[in-house]
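Position chain B with the ligands relative to chain A; hints supplied.
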Amino acid sequence: MTVATKSTTASQELEHPSAPLLRMERIPHVWCPSCGIGTVVKCYATALERSGVDLDKVSVVSGIGCSGRVAGYLKLDGFHTTHGRALPFATGLKLGRPELLVTVISGDGDLVGIGGNHFIHAARRNMDLLVILINNFIYGMTGGQNAPTTPQQARSSTMPFGNFETPFSLPHLAASSGASYVARWTCLHIRRLTWSIEEAIGKRGFRFIEVIAPCPTLYARLNKLGSGLDAMRFYHDTAEIRNGADTRELEISFQEKITCGKFVDEDRPTFLDLMHNHYGELLGDRYVPTPREGGMLHEQ
Amino acid sequence: MRYWRDPLDAGQVGAPRGDVHILADRCKGCAFCVEYCPRQVLEMSREFNRKGYHPPEIVDAEACVNCGLCEMICPEFAIFSVESAGLAGDLAGVSVGANIRAGEGAS
Ligand SMILES: Cc1ncc(C[n+]2csc(CCOP(=O)(O)OP(=O)(O)O)c2C)c(N)n1
Ligand code: SF4
Ligand code: SF4
Ligand code: SF4
Ligand SMILES: [Mg+2]
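As given, the protein sequences belong to chains A and B, one line each in that order. Going by the numbering used here, the first residue of the first sequence is number 87, and it counts up by one from there. Going by the numbering used here, the first residue of the second sequence is number 4, and it counts up by one from there.
Bound conformation, chain A alone:
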């Protein structure tokens, strides 16, 4: 039986302010109660709106996983690619349609597990992509297997006695591979995360934002950490903000302090800048740069 709360009747007429950016026919989404992924989507949608970018020129690419479903809920050109392949797909998209803002939103397992090789090379090339990685320290969708981000000692379904591997520290991985913008926030840092996404939208090159997110159903349950709300309280009590921190000092240990902030913000030539320069110098007038508006297919 449905019992409406006091405010429901009036609210039914008003739609949520982010509705124009969402595929509302698919809402409610599949994510578990108190999962953090939806909050990241809200922050991304808000940042897009505030940035004033032309939404017809924005595309979102996701891989596979719970986080990989993000592209399917945004009312933008979106691509749900195969597992780990969001970055090469996005790279092709950007090279063929350089006028687009290409965003990759996907999970830790997808982007730095199976897709780890693509990750370091996209960063190395300073490929002009905005990458938002939702890090819940685990493979959520497939049942809580150990991820390259699982902190030491944390349990996962494949490390039932605790993880003994050394995890990646993602800001350090991105920065040392060549990313030109690197930040980390948690799902609780809604305002800073939104600002950071908005700021990164206005920049060029490989822009990497890690968002620590609760996975109550697997990571928290296997580690007896409670609900998503408990995770939010944990972030509230233990996250520290240290903008400009040395990325070598950003490891995450099990249930210990999470350092957040913007760590790298440099303007370096992107892959396309370097390519155009190189061939421009080499070939002079004979060089035809990647077509701008319309992309490859619409040339001539």
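Be a bit skeptical, because a hint or two may be false.
[As the list claims (entries may be wrong)] No more than 35 Å apart at the CA atoms, straight line, and that leaves these computed lysine-lysine pairs for DSBU-like:
(1) B/54 - A/161
(2) A/343 - A/289
(3) B/54 - A/310
(4) A/143 - A/161
These aren't lab readings, by the way, just hints derived from the structure by calculation.
The following block gives chain B with the ligands in isolation, referenced to the frame of chain A:
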């Protein structure tokens, strides 16, 4: 918010007022909005929505300052606030950050 001295314009400046809207059937009962609303506008209700979750309910509508925190933090797109006409009166009791849109206080 407690000030170490009264702001000079305390007489003229009021906090913004908001009307909060809950799309109860979309809610999955995470309680993020209830926990982080800086004005204690919300509480978890004991009623069930269509999916069997407890949505929040409004217990102090007048206190809403349209900070937008509930809207930003909700993973379900199930709550939002809109500006309402008029001022909420004085700032007494507004916890730090409540008058900044999108929840500086909690983050
Ligand atoms: C080639 C291939 N290998 C394995 C899988 C199974 N698989 C689906 S999602 C996933 C892990 C996703 O983890 P993550 O990116 O962290 O996403 P989360 O669910 O945690 O958000 C795996 C291993 C697959 N779909 N395709
Ligand atoms: S399994 Fe974890 S990551 Fe996936 S939807 Fe549920 S809570 Fe979110
Ligand atoms: S807009 Fe701010 S004050 Fe109003 S209910 Fe939401 S969180 Fe509370
Ligand atoms: S934040 Fe959203 S989903 Fe969570 S209790 Fe509030 S309205 Fe419901
Ligand atoms: Mg994951």
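Outcome of the hint check:
no. : hint          : result
1   : B/54 - A/161  : holds, 25 Å
2   : A/343 - A/289 : holds, 29 Å
3   : B/54 - A/310  : holds, 25 Å
4   : A/143 - A/161 : holds, 12 Å
In the structure shown, no violation is registered for any of the earlier numbered hints.
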